[in-house]
Amino acid sequence: MRYWIVSLFVIVTSLTSAQHRPLTYGVDDLPQSLLQNPGAAINFSKHIGAPLLSGISIDAGANAITAFDIFKTESDINSNIENAINRLRSTDYFSGNVQVEWLSFGWSSKRRAERYYSAGAYVEADFIGYFPKDLAILAYNGNAGAIERPFNLGHISGRTSVVNTYHFGIQEVISPKWIVGARAKLYSSIFNATSTSNQGTFITRNTFEGPNFYSHDIENADLRLDTSGIDGLDQEINPVATVIKRGLFSGNIGLGLDLGATFMMDDHWSFSASLIDIGFIQHAKNVRSATAKGTYGLEGIELVFPEIINGTETNPYYDDLVDEIEEQLNYNKNVRESYTTLRPLKINAGANYGFGQGFLDDCACRKGNRRYENNIGAQLFAVKRPQHLQTAATVYFDRRWTPNIRTKLTYGVDEFSYTNVGLLVSFNVHKINLYLASNNVLSFANLAKANSASLQLGLQWVAPPNPYR
Amino acid sequence: MKFSYYTPWLFVSLCILVSCVSDVDFDQTEDIVIGPTVDLNLIFFELDDTDFITTTALPIVTVSDTTDLNFLESNFLDNNLRQIDFTHQFDNRFSQAFEARILFLSEEGVLQYEIDIPIPANRTTTNTDIVVDPDLGRVLAATQVVTELTIIPNTLPISGSLRHRSKGVFYLTIDDL
Numbered sequence: 000m001r002y003w004i005v006s007l008f009v010i011v012t013s014l015t016s017a018q019h020r021p022l023t024y025g026v027d028d029l030p031q032s033l034l035q036n037p038g039a040a041i042n043f044s045k046h047i048g049a050p051l052l053s054g055i056s057i058d059a060g061a062n063a064i065t066a067f068d069i070f071k072t073e074s075d076i077n078s079n080i081e082n083a084i085n086r087l088r089s090t091d092y093f094s095g096n097v098q099v100e101w102l103s104f105g106w107s108s109k110r111r112a113e114r115y116y117s118a119g120a121y122v123e124a125d126f127i128g129y130f131p132k133d134l135a136i137l138a139y140n141g142n143a144g145a146i147e148r149p150f151n152l153g154h155i156s157g158r159t160s161v162v163n164t165y166h167f168g169i170q171e172v173i174s175p176k177w178i179v180g181a182r183a184k185l186y187s188s189i190f191n192a193t194s195t196s197n198q199g200t201f202i203t204r205n206t207f208e209g210p211n212f213y214s215h216d217i218e219n220a221d222l223r224l225d226t227s228g229i230d231g232l233d234q235e236i237n238p239v240a241t242v243i244k245r246g247l248f249s250g251n252i253g254l255g256l257d258l259g260a261t262f263m264m265d266d267h268w269s270f271s272a273s274l275i276d277i278g279f280i281q282h283a284k285n286v287r288s289a290t291a292k293g294t295y296g297l298e299g300i301e302l303v304f305p306e307i308i309n310g311t312e313t314n315p316y317y318d319d320l321v322d323e324i325e326e327q328l329n330y331n332k333n334v335r336e337s338y339t340t341l342r343p344l345k346i347n348a349g350a351n352y353g354f355g356q357g358f359l360d361d362c363a364c365r366k367g368n369r370r371y372e373n374n375i376g377a378q379l380f381a382v383k384r385p386q387h388l389q390t391a392a393t394v395y396f397d398r399r400w401t402p403n404i405r406t407k408l409t410y411g412v413d414e415f416s417y418t419n420v421g422l423l424v425s426f427n428v429h430k431i432n433l434y435l436a437s438n439n440v441l442s443f444a445n446l447a448k449a450n451s452a453s454l455q456l457g458l459q460w461v462a463p464p465n466p467y468r
Numbered sequence: 000m001k002f003s004y005y006t007p008w009l010f011v012s013l014c015i016l017v018s019c020v021s022d023v024d025f026d027q028t029e030d031i032v033i034g035p036t037v038d039l040n041l042i043f044f045e046l047d048d049t050d051f052i053t054t055t056a057l058p059i060v061t062v063s064d065t066t067d068l069n070f071l072e073s074n075f076l077d078n079n080l081r082q083i084d085f086t087h088q089f090d091n092r093f094s095q096a097f098e099a100r101i102l103f104l105s106e107e108g109v110l111q112y113e114i115d116i117p118i119p120a121n122r123t124t125t126n127t128d129i130v131v132d133p134d135l136g137r138v139l140a141a142t143q144v145v146t147e148l149t150i151i152p153n154t155l156p157i158s159g160s161l162r163h164r165s166k167g168v169f170y171l172t173i174d175d176l
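Each protein sequence line maps, in turn, to chains A and B. Sequential numbering of the first sequence, starting at 0, is according to numbering that gives the first Met the number 0. Sequential numbering of the second sequence, starting at 0, is according to numbering that gives the first Met the number 0.
If we strip away everything but chain B, and leave its shape as in the complex, we get (with noise of 0.2 angstroms):
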C-alpha cells in the first residue's frame, strides 16, 4: 500500500471535518431553572410567668425582643426567591391570651412588614403566614424582626408557661446561572 507525505494531513483534515456535535442545543443553558425549597428554623423562646409578674402591682402587660436576620438582606434572595411561608407555633399554657406581633424592620427601624397572630388562652396556636410579592421586597428590605407579645389581663392569676416556635420555607427559582 503506497502512503504519500499528505497522508497524515489527510488523516488531520478527515478527522476536524468528520467531527461535530449534532443533537444537543447549548442554549438551553437560558432555560435552566433550579428551584430548591429550604426549610430552616428561625427563632423560638418560651416565657413563664415570672417573665411578667413584677414586684409592683401592675404586670408588665408587653414585652418584646430584637434580632437581626442578616441573610434576609442579600443580592441572592432579592433575585431568586420568590416566597416564603412563615410558620409560628405558641403554646399557650397561660390563662390569659396573647396578641403577638412579629415586625419587620429596614435597617432605619422603618416597619416593612408585620404579621399579628391572636394567641387564645389555654391552646396551641399554628399561623402560617405565605409572603409574595409585593410583601417579599418589603420582607427582604428588613434587616430586623422584632417579637413584640402583649398579655390580655383578664381575673384570673397570671400563671402558666408560652413557648414559641418558628420556622420559614424558603422557596427559590434560580434562573439566572
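Next comes chain A alone, as it looks inside the complex (with noise of 0.2 angstroms):
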C-alpha cells in the first residue's frame, strides 16, 4: 500500500502543469500545434501519425509541494508530512493529464490549398485535486486538540476523467494576414468523477450544559460525489474489454469545439489565439451518485433504560444512531441522476517574431508566411480549473537549424515554478518527424525537487509544405 502511495506522489509531483503545453505551442512543423489552435500557421500539406505514438504526452504537478519536501534525508518524514500539512493551502493542487493520440492525420483540399483537414482521436486522462487541508489535519491530528475549531467540509474539491476525444478540424488562409481555423469534437467518456462544489462545516463543541460533554456538528453540509463509467464495472466478466467499448463510444457523449486564428501582422510579428474545448459531456449510463445535505449534532446514544420503561431487553441504539445520522444529511449514496460537466477551457494566445534566413525564399510564401531561422516570441495560457483559472506566461526562443532540425527553447512562469525551461527538439528524416520536449530541464539534475516536469513526444509522416502556404 505504502509503495503505491509513493509511486503515486513521485509521478504526480516529478512529471507539470497539467495540459499546458508550451513547447508545441506553434511550432508550424508539427501537426500538433493544430490541437492547440487550429488555425495556426502551418508548413505542411499533408500529415498522418504513426498509431498511438504520433502524440503523447504527459504531465503533471503539485503547486506548492515536490516529492523532496516530503522524502528528503535531511530531516524525519513525519516532521516533513506535519510541516506539509501546516504549510499547504485548500487552493494548493496536484494535477496530472496524460494525452494519447492513437489517429492522427491531415490534408490540404485539393481544390482550395489555402483550407487544411484535419482528423483523428485521442484518450486523455486529466486529473486535478485540490489540497483538503481542514481533512487532512483533523485526519493527522484528530479534533482532541481542536475542540470548537471548525473544519471546512468545502475542502474537498477534485475531479478525474478518462475521456476519448474524436476531432475534425478546418482551417483556412482567408486573407494574406487571416488564418482561421475551428476544430469540433465528439467527446466519449470512459470515466468521470467529480466533487468539486461541496459545502459545510464540522466541529466539536464544549457543550457544558447540554447532555454531554460535546456536539460533534455537522452543519449546512452540501456534498456530492458524482461518478460515471464506475458502476457495474465490477460484476463485468471482461472489465478491460468493458473499458475498451466504453472508451470507443460509452454513451456518456458530449460536443465541444475549438476555434482559433492566427494574424500575420507583416512579414516578421504574428499573433495567435484559441480557445480549445468549449464543450460538455452528458453523464447517463452507468452513473452513480452518493449526496449528503444537512445539519445534524451528535451528542452519543441516550440510554433509555428500556426495562424501566416497557419492560423489553435492549434496543438497537447504535443501528439506530447511524440510521439517524444518515437520515437528517440525507445521505444516499445510490443517486441514479444524470449530470453534465464542462470540458476544462483552455486559452492560448502568443506573439511571434521571426528574423533571419528565410529557408523558403525562393517559394511562392505569401507576405508573414516565410519559415525564418529564428524566432522569438511570448505565449499565455490559461486553463479553467474548479476552484481557479490556472495560468502560464512563457517566452521563448525557435531556432531552425537546418531545414530538418528545429528546436525551440522556453522559459516559464507558472504556478508551479518560475524558473520552468523547456526544450523541444523536432528532427525530420524523408518526411518522417520526430518530436521530443520537455519542460523543466532545469530539474533533471534532481527530478524530486521539481514541482513539475512534463514529457512530449511524436512520431509522424509529414509531407512538404504547399507552396502557396
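Read the hints as simulated data drawn from the structure, not as lab findings. Wrong hints could be hidden among the right ones.
[Unchecked claim] Subject to a maximum C-alpha distance of 20 angstroms in a straight line, what follows is the list of computed EDC-like cross-link-like pairs (lysine to aspartate or glutamate): (1) A:K332 / A:D322; (2) A:K132 / A:E81; (3) A:K383 / A:E123; (4) A:K448 / B:D26; (5) A:K176 / A:D27; (6) A:K345 / A:E123; (7) A:K176 / A:D266; (8) A:K71 / B:D26; (9) A:K292 / A:D221; (10) A:K292 / A:E325; (11) A:K71 / B:D30; (12) A:K71 / B:D24; (13) A:K448 / B:D24; (14) A:K292 / A:D319; (15) A:K448 / B:D22; (16) A:K71 / B:D22; (17) A:K71 / B:E29; (18) A:K292 / A:E326; (19) A:K383 / A:E81; (20) A:K176 / A:D319; (21) A:K383 / A:D125.
[Said to hold, decoys possible] So the derived list for chain A, only partly shown, Cβ under 7 angstroms to chain B, looks like this: (22) T72; (23) Y139; (24) A143; (25) P210; (26) Y316.
[What the hints assert, rightly or not] Across the chosen pairs, the derived CB separations fall in these ranges: (27) B:L176 / A:N329: 30 to 40 angstroms; (28) B:D134 / A:D221: 38 to 48 angstroms; (29) A:D91 / B:R100: 48 to 58 angstroms.
For every residue, glycine included, the Cβ atom is placed at its ideal position computed from N, Cα and C.
Reassemble the complex: the two chains are provided individually, in unrelated frames, and hints are given to aid placement.
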C-alpha cells in the first residue's frame, strides 16, 4: 500500500502543469500545434501520425510541494509531512494529464490549397485534486486538540476523468493576413468522478449545559460526488474489454469546439490565439452519485433503560443512531441522475517575431509566412480549473538549425515554477518527423526537487508544405 | 552550426543520463506514523426517582441498559489503537449513593472488561479509566456495553436525579499505511 502511495506521489510530483504545452504551441512543423490552435500557421500539406505514437504527452505537477519536501534525508519524514500539512493551503493542488493520440491525419484541400483538414482521436486522462487542508489536519491530528475549531468540508474538491475524443478540424487562409480554424469534437467519457461544489462545516463543541460533553456538529453540509463509467464495472466478466468498448463509444457523450486564429501583421510579426475545449459531456450511463445535505449534531447514544419503560430487553441504539445520522443528513449513496460536466476550457495566445535567413525564400510564400531561421515570442496560457484559473506565461527562442532540425527553448512562469526552462527538438528524416519536448529541464539534475516536469513526444509522417502556404 | 542526425538522440540520451533523483530516501515511507487523537461522545442518560420507585413497597434497586458499540470491533482499531481514556461523569442529585458498573461484553455475552465507579450522594463524580494493553484488546473484543446502576438505599426518601455523560479519547498510532 505504501509503495502505491509513494509511486503516485513521485509520479504526480515529478512529472507539469497539466495540459500546458508551450513547447509545441506555434511550432508550424508539427501537426500537434493544430490541437492547440486550429487556426495555427502550418508548414505541411499532409500528415499521418503513427498510431498511438504520434502524440504522447504526460504532465503532472503539484504547485506547492515536491517529493523532496517529503522524502528529504536531512529531516524526519513525519515532521516533513506535518510541515507540509501546515504549509499547504486548500487552494494548492495536484494535477496530472496524460494524452495519447491513437489516430491523427490531415490533408490540404485539393480544390482550395489554402484549406487544411485534420482529424483524429485521442484518449486523455486528466486529474486535479485540491489539498483538503482541514480534513487532512483532522485526519492527521484528530479532533481532540481542536475542540471548537471548525473544519471546512468545502475543502473536498477534485475531478478526474478519462475521455476519448474524436475530432475534425478545418482551417483556412482567408486573407494574406489571417488564418482561421475550428475543430469539432465528440467526447466519449470512459470514466468520470467529480466532487467540486461541496460545502459544510464539522466542529466539535463543548456543551457544558448539554446532555453530553460535546456536540459533534455537521452544519449546512452539501456534499456530492458524481461518478460515471465506474458503477457495475466490478460485475463485468472482462472489465478491460468493457473499458475499451466504452472508450470507443460509452454513451456518456459530449460535444466540443475549438476555435483559433493567427494574424500575420507583417513579414516578421504574427499573433495567434485559441479557445480549446468549449464543450460539455452529458453523463447518463453507468452513473452513480453520493449526496449528503443537512445539519446534524451528535451527542452520543442516549440510554433510556427500556426495562424501566416497557420491559423490553435492549434497544438497537447504535443502528438507530447510524440511521438517524443518515436520515438527518439526507445521505444517499445510490443517486442515479444524469449530470453534466464542462470540459476544462483552455485559452492560448501568442506573439511571434521571425528573423534571420528564410529557408523558403525562393518559394511563392505569401506575406507573413516566411520560414525564418529564428523566432522569438511570448505565449500565454490559461485553463479553467474547478476552483481557479490556472495560468502560465512563456517566452521562447525557436530556431531552425537546418531545414530538418528545429529546436525551441522556452522560459516559463507558472503556478508550479518561476524558472521553468523547456526544450523541444523536432527532427525530420525523409518526411518522418520525430519530436521530443520536455519542460523544466533544469530540474533533471534532481527531479525530486521539481514541482513539475513534462514529456511530450511523437512520431509521424509529414509531407512538405504546399508552396502557397 | 552543423547538426547531425544523431543530435536529437544525443539530446535524449543526455536528458536521461543527467536526470536523477537525489537527496531523498523513499524507504522512509516505512517510518511514517500518523497519530490522531479522537475525542468522541459515548453514552449519556438522565434518571430520576420515578425510575426507581414502584407501586410496590420495594424500590427497584438496580437498573441497566445495553447498547451495541459496533465500531469497537474493527480491524482498523485492532491494528492502530494504542489507548482509550474513558471518562464517565455522574452528576448525582439523589440523597443516595450509587454503584455504577460499565460492562464490556463480547457478542456471546462474555465479560471482557469492567469499570466500577462508586457514586457518592449529592455530588458530581468524574472517573477517567485509562485502557492500554492487555485490557485494550479485551475492550476491542467487546461488541456491547452494559451500563448498570445500583442504588444504595438509606433512610432518606428516594428523590432527585442522576445525570450521566461519557466520552472516549482514542489514541491512534497508524504506522502501516
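Checked hints:
1. A:K332 / A:D322: holds, 14 angstroms
2. A:K132 / A:E81: holds, 12 angstroms
3. A:K383 / A:E123: holds, 16 angstroms
4. A:K448 / B:D26: Status holds; Cα separation ~17 angstroms.
5. A:K176 / A:D27: Holds, at about 16 angstroms.
6. A:K345 / A:E123: holds, 14 angstroms
7. A:K176 / A:D266: holds, 10 angstroms
8. A:K71 / B:D26: holds, 11 angstroms
9. A:K292 / A:D221: Since the Cα atoms of A:K292 and A:D221 sit roughly 4 angstroms apart, the hinted pair holds (cutoff 20 angstroms).
10. A:K292 / A:E325: holds, 10 angstroms
11. A:K71 / B:D30: holds, 13 angstroms
12. A:K71 / B:D24: Holds - the C-alpha atoms of B:D24 and A:K71 are around 6 angstroms apart, at most 20 angstroms.
13. A:K448 / B:D24: holds, 13 angstroms
14. A:K292 / A:D319: holds, 19 angstroms
15. A:K448 / B:D22: holds, 9 angstroms
16. A:K71 / B:D22: Holds. A:K71 to B:D22 sits at ~6 angstroms (cutoff 20 angstroms).
17. A:K71 / B:E29: holds, 14 angstroms
18. A:K292 / A:E326: holds, 10 angstroms
19. A:K383 / A:E81: Not satisfied, since the Cα-Cα distance of roughly 30 angstroms exceeds 20 angstroms.
20. A:K176 / A:D319: violated, 73 angstroms
21. A:K383 / A:D125: Given that 20 angstroms is the threshold and the Cα spacing comes to 13 angstroms, the pair holds.
22. T72: It holds, given that the least Cβ distance between A:T72 and chain B is near 5 angstroms, below 7 angstroms.
23. Y139: Hint on A:Y139: holds, closest Cβ of chain B at ~6 angstroms, below 7 angstroms.
24. A143: holds, 4 angstroms
25. P210: For A:P210, the interface hint holds, since the closest Cβ of chain B sits about 5 angstroms away, which is under 7 angstroms.
26. Y316: holds, 4 angstroms
27. B:L176 / A:N329: 30 to 40 angstroms: 33 angstroms Cβ-Cβ, so the 30 to 40 angstroms window holds.
28. B:D134 / A:D221: 38 to 48 angstroms: holds, 42 angstroms
29. A:D91 / B:R100: 48 to 58 angstroms: holds, 51 angstroms
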